[in-house]
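S.K.: Be aware that the sequence shown starts at 1, since it is given in full-length UniProt numbering, and climbs by one per residue.
In case anyone wonders, no lab produced these hints; they're calculated from the structure.
With beta-carbon atoms standing in for the labels, derived distance ranges:
#1 34 <-> 58: 23 to 31 Å
#2 69 <-> 160: 37 to 45 Å
#3 96 <-> 144: 22 to 30 Å
#4 96 <-> 39: 42 to 50 Å
#5 66 <-> 94: 32 to 40 Å
#6 8 <-> 85: 20 to 28 Å
#7 122 <-> 12: 31 to 39 Å
Within a straight-line C-alpha distance of at most 25 Å, the following computed PhoX-like cross-link-like pairs (lysine-lysine) qualify:
#8 68 <-> 118
#9 35 <-> 63
#10 35 <-> 9
#11 58 <-> 68
#12 149 <-> 118
#13 9 <-> 58
#14 9 <-> 63
#15 68 <-> 52
#16 156 <-> 118
#17 141 <-> 164
#18 118 <-> 141
#19 68 <-> 149
#20 9 <-> 68
#21 164 <-> 149
#22 35 <-> 118
#23 35 <-> 68
#24 141 <-> 156
#25 52 <-> 9
#26 63 <-> 52
In this text, a Cβ means the ideal position worked out from N, Cα and C, and glycines have one as well.
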Amino acid sequence: MFRYLHEPKDFAGGNDYEEAINWLNRMSRIHAMAKLSEGEVLFVAGDHLVEKAATWWKVEGVKCTSWKQFEEAFRQQYLADYEGSWWRQLQAIRQGSGDSIDDVALRMEELFNLLGNKNDTMQVSMFLDAIDPSIAFEVDKDSTPSSLKEARTRAKQVERGIRKYGTRTIVS
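From just these sequences and the hints, can you work out the full model?
M.R.: This is the structure we're talking about:
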């Protein structure tokens, strides 16, 4: 399987959060898919930190004894300054006329992951606020979904129904 993997790119540090998060996500995938031990993944990660990031590794990274500790330290060093921006982006998301439920959900999930937010209640609430109000009403009318996954599934069902049958105004 390793022969199909590209060598991880080196990470030099700096202010490009996309480069930082892409590097960290790639290392996380390698850790999970290659079933590397904690020591192995930390060795590989440390070996691919260069320039300013290598200096950070020598001072802070070497203190990490697990991948989870490394991720937290890396996020604190290279991603913490972007947290406010990600929260603002999350709060500004609204389903436009050309956006599907999946478009909205995937963007929100990406931001929740960047923020490390695992709070189901908050995720569901923000998702329902972001999608078309008529779809949100149908999703929430009987009971509030307990997870973003459940809310997304129910919203997609409503969205499919609207595409298939259109919307009708019921006159009493």
